[in-house]
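Hey, can you piece these two chains together into the complex? The hints should help.
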Amino acid sequence: MRPSRARPRRLSPRDTEGLRLTTDALPVHVEGVSKIYGRTAAVRNVSLDLMPGKFYVLRGENGAGKSTLLRMIAGLSEPTEGEIQIFGSKPHDAREHMGYMAHAPLLYDEFSGMENLEFFAGLYGIESRAMLTEAMIRVGLKPELTRRVGQYSQGMRQRLSLARAVFHAPQLLLLDEPFSNVDPDSATEIAHLLAAMRNEGKTILLVTHQLGLLSKMADEFLFLSAGALVNREAVPQGGA
Amino acid sequence: MSQSLIKLTAEQVGKDLRLEWRSRDVLNSMLFFALLVVVIFSFAFSPTLEESRRMAGGLVWTAFLFSTVMALNQSWARELRNGVLDAYRVSPAPPEALFFGKCIGNYLLVLLLECLMAPLFMVFYNLTSVGPYWQLAVVFLLGTWALVVNGTFFAAMSIRTRNRELMLPLLLLPISIPAVVAMVTGTTLILTGESSPLTQIKFLGGYCVIFTTACYLLFETVLNAE
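Sequences listed follow chains A and B, in order.
When the letters of the first sequence are read in order and numbered with the numbering used here, they come out as residues 1 to 240.
When the letters of the second sequence are read in order and numbered with the numbering used here, they come out as residues 1 to 226.
Bear in mind the hints are in silico, worked out from the structure with no lab data behind them.
Note that beta-carbon positions come from the ideal geometry of N, C-alpha and C, so glycine has one too.
Check the hints yourself; a few may be wrong.
Facing chain B, a subset of chain A residues (Cβ under 8 Å, in silico) [claimed, not checked]:
no., residue
1, Leu76
2, Glu96
3, Met98
4, Ala102
5, Ala104
6, Leu106
7, Leu107
8, Tyr108
9, Glu110
10, Phe120
11, Tyr124
12, Ile126
13, Arg164
14, Thr188
15, Phe223
16, Ala226
Over the 10 Å line for every Cβ pair with chain A, so calculated as not near, a few chain B residues [what the hints assert, rightly or not]:
no., residue
17, Phe45
18, Met55
19, Arg89
20, Val90
21, Pro132
22, Pro169
23, Glu194
24, Asn224
The shape of chain B in the complex, shown without the other chains (with noise of 0.2 Å):
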């Protein structure tokens, strides 16, 4: 990455983060669906620890996935208000800075809203992790990375369609099922303890270099799709 690609990614996540700061649009979508799905199955199924552990990946990882739909649509949705991004594309600033600032951004908010209900988590379903919790930790990084980087190339991708919140899970939704399988086996497989976790890391890794590189190339093409 050149210097100026740093620089202007570092401003667009910047921009993003001080428009997030100040709106509070996309936090506040997030939080209020994840919180819903944790109280509404919290109450619906009354788990035991044994039950919790097993069902926990799936629930985690459904909650933050519609929760990062709904943040992609919303943080896409701001650049279309008054035709910003147009000003964006009469500007010498290479896409690739828009693309990785955008990525970035939606990434560093969804961890936000993953480190607050994380805790709500471990309350509602009385959850302790059989296995280490660093590895949860790279679950969690990798996984939301794979989420983000295919959501922010395909929410630019539905942004100009008619109905754009009901295309971006549609293109979404079944491109991530190899990395939302690993993710939940994953999580399921640390908080249960009952083998390492190290294939569904490994195959985490190499989904999201693949398709960060394969978004990276694209992104220029569909920012100036018409």
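So that you can see chain A by itself, here it is in the shape it has in the complex (with noise of 0.2 Å):
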């Protein structure tokens, strides 16, 4: 039973503290976004609006523009037409509130495990050393591995990879392809692990290619094609 997919969750005080939001605000808002690379469109005016507390996943061909898209939401890359809203803010100034994963690992390979959290947890001001061995533990790793990144499997790095994303408990995750490299056994803990984080009422934006994982744990598909919103699916409730 999960409440979150009955309704969607209003945030709390506590989740929106220190963002500049309104009450009923949307994760995320994408308002006639494209973008534009010399003559050729890698996303064509796409509307969008996610609501808390749901996991949705991103679908679509290679080169159809979900990682752009992606990219966009994360801030990383800017429209060249349209608006995009995180929690009612530009994604610039919602940041702390977001969590990003991509298809690089996004890690120091010199650094351990832990080394490499401490290092970003410092760009969030986090001095908590408890949330960063939480976040190691949630997605399987032992905080106490010594052995730098540069040495970790594939899955490994995926891993950690989530709990850099995840250890300042942010209200909206946008994952590109987590589950690439990782080996059958570990793509479904990983999915499990983000069912019951959007279970907690976090918002999940995931791009992915393997949706036997996903079609009972999703809430909605979004597919892309040549850069425009096609289709949009929602997944039956209590399908999980």
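Below, the structure is given as structure tokens:
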């Protein structure tokens, strides 16, 4: 039973602490967004609202513009046209409340897992080691592991990358292919972990080709083709 | 500077120095290059003491300038590997902390190189300074900062270009010419004791202030450029 699926969960004052947002601000509001590189439109006039506490899966063929759209929502790329709001603010102003995981692990190979998390925690002003330990345990990694990330397997890197994206307890998670290079068992574990986060009220937008895993966990599938949002398909409630 | 900016800058410097300590990518390549310049020019010219004093300024700064370019390329390449720069950009940390952290980290590494190479220059070129050594230290501290602050900025600018190893010297060297001239002239004046290097020191001081301010103000734009 997931109450958040029946009715979108409102953000509590604690969730929104430090954010300049209105009480009914959506986690993601995309309006008429396009991204044009030279003569090529990577994303074309996409409008999209994501509700709190929902798990969205963004689908589409290679080159459909999924990663570009995700990068724009994360504030890493500016739209050529249109507007993006995260909890009622510009993506740049809501970075504290966003977790982003990309194709690349976004980690230093020369540091251990905990050293990586400690450095990134500093960027968020977090000094509690307990939060980092919890994040590592949650993704199935041992916090005391002293091995450098350069010696990690691909699966371990993906897990640590997820820990880096979630250690600061963001309300919005943007994940680009989190299951790539991960063995099936680990992928299932990560999918369950994401579903648990959704149940805690976090909004998740995930790009993946591995739909089998998520067909019962996601709330809605978004289909992108040639840069345009062509379809939205809600998963019938009670499917999980 | 706010408290958090200073703290984040210090964390950035600490991170860069720890990464360098573990990989030694930057220091090894800088040392090897500077050593090559010292040895090759020493054998090629076999200068007398007076000739050494006249040419050492140009020689020393040529070696350090190109070594610095190598260091700067490596230091940003590390941020591109695994896309770590994106993790910084999605965080709420101010871009200025990254800029000053990189500048100070690179500055310390180049100063370390200079400290290691200075005795070798003295030995290979049989150098002694006629002017006071403290003036030499001031010229080196200011000159190195002038190179590093501009270099860090332009390295960030060229980081996403296809030929970044080529782009950095193309962007950095023309804008550094006034500073390089002041460094070389100042160093030569101190070594030969011909006259006071005060004009060059003042010029370098002004150059550092102007370019540090300009790079600081423009860095966020450069970091977020696509």
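Hint-by-hint comparison with the structure:
1. The interface hint given for Leu76 (chain A) holds, since its Cβ lies 6 Å from the closest Cβ of chain B, which is under the 8 Å cut-off.
2. Proximity of Glu96 (chain A) to chain B holds as hinted, the smallest CB-CB distance being about 5 Å (cut-off 8 Å).
3. For Met98 (chain A), the shortest C-beta to C-beta distance to chain B is roughly 6 Å, which falls under 8 Å, so the interface hint holds.
4. Given hint, Ala102 (chain A) at the interface with chain B, holds; its Cβ is 6 Å from that chain's nearest Cβ, closer than 8 Å.
5. Residue-level restraint check for Ala104 (chain A) holds (minimum Cβ-Cβ distance to chain B is 3 Å; threshold 8 Å).
6. Taking 8 Å as the C-beta contact cut-off toward chain B, the hint placing Leu106 (chain A) at the interface holds, the least distance being around 4 Å.
7. Annotation: interface hint on Leu107 (chain A) holds; nearest CB of chain B at approximately 6 Å, less than 8 Å.
8. With a cut of 8 Å, the hint placing Tyr108 (chain A) at the interface with chain B holds, because the nearest CB-to-CB distance is about 6 Å.
9. About 4 Å separates the beta-carbon of Glu110 (chain A) from the nearest beta-carbon of chain B, less than 8 Å, and the hint is met.
10. This hint holds: Phe120 (chain A) has a C-beta 6 Å from the nearest C-beta of chain B, less than the 8 Å allowed.
11. Restraint check, Tyr124 (chain A) versus chain B: the minimum CB separation of about 6 Å is within 8 Å; hint holds.
12. Because the smallest distance between the Cβ of Ile126 (chain A) and any Cβ of chain B comes to about 11 Å, over 8 Å, the interface hint for this residue is violated.
13. Taking 8 Å as the C-beta cut-off, the interface hint given for Arg164 (chain A) holds, the closest approach to chain B being about 7 Å.
14. The restraint placing Thr188 (chain A) at the interface with chain B is violated, with a minimum CB-CB distance near 25 Å, outside the 8 Å limit.
15. Given the 8 Å rule on beta carbons, the hint for Phe223 (chain A) is violated: about 26 Å separates it from the nearest Cβ of chain B.
16. The beta carbon of Ala226 (chain A) comes no nearer than 21 Å to any beta carbon in chain B, farther than 8 Å, and the hint placing it at the interface is violated.
17. Annotated as non-interface, Phe45 (chain B) keeps its C-beta farther than 10 Å from every C-beta of chain A; the closest such distance is 40 Å.
18. Look at Met55 (chain B): its CB is around 40 Å from the nearest CB on chain A, clear of 10 Å, so calling it non-interface holds up.
19. Not every CB of chain A lies more than 10 Å from the CB of Arg89 (chain B), the least distance being 6 Å, so the non-interface label is violated.
20. For Val90 (chain B), the requirement that its beta carbon stay farther than 10 Å from each beta carbon of chain A is not met, with the minimum near 5 Å.
21. Non-interface status of Pro132 (chain B) relative to chain A is upheld: no Cβ of that chain comes within 10 Å, the nearest being about 42 Å off.
22. With 10 Å as the threshold on Cβ separation, the claim that Pro169 (chain B) sits away from chain A holds: the shortest Cβ distance comes to roughly 27 Å.
23. At roughly 47 Å from the closest C-beta of chain A, the C-beta of Glu194 (chain B) stays outside 10 Å, upholding its exclusion from the interface.
24. With a cut of 10 Å on Cβ distances, Asn224 (chain B) falls inside the contact zone with chain A, its closest approach being about 8 Å.
Hints 12, 14, 15, 16, 19, 20 and 24, counting from the list given before, are not met by this structure.
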